[in-house]
Structure formats: structure tokens, C-alpha cells
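*Asks:* Residue 341 in numbering that gives the first Met the number 0 sits at position 342 of the sequence shown; the count goes up by one each step and never skips.
It is possible that part of the hints are untrue.
Claimed, not checked - Here are the simulated BS3-like cross-link-like pairs (lysine-lysine), alpha carbons at most 25 Å apart as the crow flies:
1) Lys327 with Lys31
2) Lys38 with Lys366
3) Lys409 with Lys366
4) Lys38 with Lys327
5) Lys31 with Lys409
Claimed, not checked - Distance windows between CB atoms, simulated:
6) Asp181 with Ala363: 32 to 38 Å
7) Val381 with Ala436: 36 to 42 Å
8) Lys38 with Ala432: 28 to 34 Å
9) Ala125 with Asp422: 48 to 54 Å
10) Asp181 with Arg410: 34 to 40 Å
11) Arg32 with Gly365: 17 to 23 Å
12) Ala436 with Asp181: 19 to 25 Å
It should be emphasised that the hints constitute simulated quantities derived from the structure, not laboratory data. In this text, all values refer to a predicted model and were calculated from it rather than measured experimentally. The beta-carbon is built from N, C-alpha and C at its ideal position, and this holds for glycine as well.
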Amino acid sequence: MNLTFSAARLADGWASNVGIATDANGQIESIKRATTGGKLVAIPAATNLHSHAFQRAMAGLAERQNARLDDFWSWRDAMYRFLDRMNPDQIEAIAAQLYVELLEAGYAHVCEFHYVWNDPHGRPYADPTITARAIRNAAARTGIGLSLVPVLYSHGNFGAKPPEHGQRRFLHSVDSFLSVVDELHPEAIALHSLRAVSAAQLHEVVAATDLPLHIHVAEQQREVDDCLAWSGLRPVEWLQRNVDLSSRWTLVHATHMTQDEAIETARSGAVVALCPSTEGNLGDGFFPAEAYLAAGGRFGIGSDSHVSTSPVEELRWFEYGRRLRNEKRALSAGEGSSQVGAFLWTRAAACSAASANAPLGEIAVGKRANLVLLDPDHPTLVGRDGDTLLDSFVFSGNGGAVAEVWVEGKRVVEQGSHVARDDIAANYRRAIAELHA
């Protein structure tokens with residue numbers, strides 16, 4: 000496949016009149032100057048580092064004030080109740096709808112943090128991989144790139160406390176989990192959290208495979224307090240003292256880190272998966288960005304609970320949280336660029352490859368041809384070029400600027416719409432009607 004663009008944001012900067020050739024596997028095999036470029040502007044597509052696809056169906060359903068103060072934990076109870084009836088076919092329909100929305104917004108790849116394993120009674124399905132295969136089917140139907148991340152979830156809290164009734168669909172032993180991993184051959188694996196696995200389980204799983212590792216950590220202050228009561232250490236501190244924290248690890252949220260923890264995490268090479276729209280929705284807190292970025296910390300973004308499916312909104316939330324805390328503007332920039340939107344987009348994209356266990360995140364030879372094509376005539380972008388165009392896309396790209404999305408050299412979004420949008424939306428509506436019947 001040969002593609003041409005009026006301009007492209009390559010790994011080493013902007014270029015005009017760019018021609019890209021891809022091989023049969025959807026990887027970029029050459030980048031050359033074209034005699035004439037196309038109309039559209041190419042940027043590396045975003046990668047979604049953290050997704051719970053089934054939660055797309057409950058987005059907006061937990062916004063009612065209760066007699067007690069709402070927080071992450073009350074939201075979690077609502078999520079457990081919502082999941083009570085969901086079957087694998089419905090999981091597939093919901094995931095497909097989500098993936099269409101992610102693609103149309105500019106994501107080309109998703110890391111699916113998958114922990115719904117059992118039936119509504121908490122019993123294993125006859126095929127213990129059926130729900131994971133539903134996720135893979137949804138990705139195949141929509142064309143989104145997928146890193147399946149099976150999750151070990153065994154306990155209810157620190158110290159191997161028994162699981163709650165609402166967690167019955169998530170549960171595995173180490174042996175049953177590793178059996179599923181062997182069957183699925185996933186791109187990465189996860190420990191749900193230090194709450195949900197014992198220290199012995201964590202070490203056994205880490206030693207059993209060399210795959211990338213994901214983990215929720217330090218998302219809420221109560222988690223920090225409970226971890227201190229259990230171990231005398233904060234959650235990220237516990238990881239730093241008990242595992243070889245390295246580029247193999249993706250820490251999801253890591254909201255409540257001290258400055259020292261943030262600096263040590265940055266120096267380790269681990270990636271932090273930030274999910275600002277979900278963290279804001281749940282009232283989690285503010286990530287310690289100043290210390291982390293100053294130490295060269297790597298980060299990506301995820302839509303997590305999918306109250307937003309827009310990568311630019313995640314990046315805005317991250318930057319605006321910093322501005323609100325510091326009462327200053329234009330804080331997130333680096334690597335020789337003073338332009339915040341351009342830095343956030345390109346840095347998040349490039350840092351995602353290790354977490355996804357895939358060659359993506361940059362327009363460069365050997366990388367997957369995962370591309371977002373922007374319309375430079377869109378009112379948000381007209382008259383802009385280079386990093387100024389990216390700034391405008393990130394901070395005011397509220398819809399319509401994404402003309403096309405290509406995944407591994409195949410066009411899946413054209414003129415702003417997914418090629419199978421209507422059929423997938425119809426299946427989604429049927430699934431939601433069944434869940435609410």
C-alpha cells in the first residue's frame with residue numbers, strides 16, 4: 000500500500016509531501032518525499048493503554064448523588080451490580096461499539112485489561128477463554144489493533160482477604176490463570192492490583208512469563224492507607240522494594256505517589272498509564288506530574304471506564320489538572336518543544352509501544368502503519384501547520400478534525416465514520432435492550 004500526505008509528523012519531526020509504503024503485514028517499509036502530497040495531514044495514531052470494554056455500557060449511569068458521599072468505592076459497587084447479567088455475546092457487542100468510538104476519535108490500538116472470566120454465578124464457563132475471545136472478536140470486527148491483557152484477580156483486599164460477592168466473575172487461581180494465558184497467547188498480562196493478589200501470587204506470575212506486566216496501583220487514598228496498614232509501605236513503594244520495576248511494567252493510574260516514588264518510577268523506565276477522564280469522574284486525585292516528567296517519566300493514556308472515548312480529552316484533562324493545581328498555563332512540554340499539545344500527543348504515542356508489546360506509536364520504518372489523518376481545512380485546524388496544528392487538535396479538536404484512521408495499513412475510518420458503524424451500533428442497541436429488560 001502506498002499513501003501520500005501533504006505533511007506528516009515523523010519520528011524525527013515534520014515533513015511535507017510525504018509518501019509511505021507499507022508491507023503485507025501493515026508495517027511501514029519506506030518513507031520518501033513525494034512529488035505531490037495528498038490533502039490530509041498524518042500523525043501517529045494514539046494507543047489506548049487501559050480499557051475495561053464492558054464498562055462502556057454503564058458510562059453515565061453512576062452519576063446520582065446518594066445519601067453517603069460518593070467515591071470510587073461506591074462507583075465500584077454500582078459496576079458490580081451492572082455486570083450481574085452480562086453474557087459473552089453482550090460483552091462482544093459492547094466492546095465492538097466501544098472500539099468503533101475509539102477508532103473514530105483517533106485511537107488505533109487498545110490494551111484491553113480483561114478480568115471478566117466467570118459466568119454471572121461466579122462459575123467458570125465451559126470454555127474459560129470465551130469472554131476473552133469475545134474481546135478478540137470485537138477487535139477483529141472493527142479493525143482496531145488489540146493487545147489482550149488477561150488479569151489475575153483472586154482476593155478482596157490486602158493480605159489475601161476473601162473476595163466479595165460482587166467480585167465472583169473475576170476470580171482465578173494462579174494455576175487456572177496461567178492455563179488461560181497459555182491458551183490465549185496474549186500480548187501482555189496483568190495483576191489487577193496489590194489488593195487483588197497476594198505477594199506470593201504476584202511473584203509466581205512475574206516469574207512464570209517474560210510478557211509485559213500491567214497493574215492498577217495507588218489510584219485512591221484509601222488504597223494507600225490500607226496498604227500502609229498491611230505492609231508499612233505505600234503501594235508504589237511496595238512495588239519498588241519487592242519487584243524489579245523496569246520498562247516491563249505499566250503502572251495504571253499511580254495517582255497517589257510521593258515525589259520520591261514518582262522520581263524512582265520515572266528512572267526505572269516503567270510506563271504510567273494515565274486515565275484522566277476516569278480519574279476525574281471517580282474523584283481519584285491528581286497525578287504528581289511535576290516530579291515525574293522532570294525525571295523523564297514515560298506515560299501513555301487510557302480511557303479506562305469510557306466516560307470519554309477521546310484521546311485529546313485525556314490529554315487535556317492531564318494538562319488542565321496541572322494548571323488548576325499550579326494556577327499556571329502551558330506546563331507539559333519538553334524534549335526541545337515548547338508546544339504542549341504536540342508534546343503530549345507524540346510523547347504518549349511513542350511511550351505506548353512497550354506496554355502494548357507492539358511496534359507502534361511513531362511514523363517510522365519498521366513501525367505499524369497506525370495513522371490518524373487530519374483535515375487541515377477543518378475550522379479547528381485551518382491556517383495551522385506543524386506543532387501548532389497538533390496543539391489546536393489536542394486543545395480544541397472536539398469532533399470532525401479526524402478524517403481517516405488507518406490500522407496496520409488498512410483504512411477503518413473514512414470521512415470521520417467507521418466503515419461498519421451502523422451494523423455495530425445496531426448490535427450494541429440490542430445488547431443494551433437485553434441488559435435493561
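*Asks:* Give a verdict on every hint.
*Replies:* Here's how the hints hold up against the structure:
1. Lys327 with Lys31: violated (41 Å)
2. Lys38 with Lys366: holds (23 Å)
3. Lys409 with Lys366: holds (14 Å)
4. Lys38 with Lys327: violated (37 Å)
5. Lys31 with Lys409: Satisfied, since the Cα-Cα distance of roughly 19 Å is no more than 25 Å.
6. Asp181 with Ala363: 32 to 38 Å: Given a distance of about 33 Å, which is inside 32 to 38 Å, the answer is holds.
7. Val381 with Ala436: 36 to 42 Å: At roughly 47 Å between Cβ atoms, Ala436 and Val381 fall outside 36 to 42 Å, so the hint is violated.
8. Lys38 with Ala432: 28 to 34 Å: violated (41 Å)
9. Ala125 with Asp422: 48 to 54 Å: With Cβ atoms ~29 Å apart, the hint is violated.
10. Asp181 with Arg410: 34 to 40 Å: holds (35 Å)
11. Arg32 with Gly365: 17 to 23 Å: holds (19 Å)
12. Ala436 with Asp181: 19 to 25 Å: The hint (19 to 25 Å, Cβ to Cβ) is violated, given that Ala436 and Asp181 are roughly 37 Å apart.
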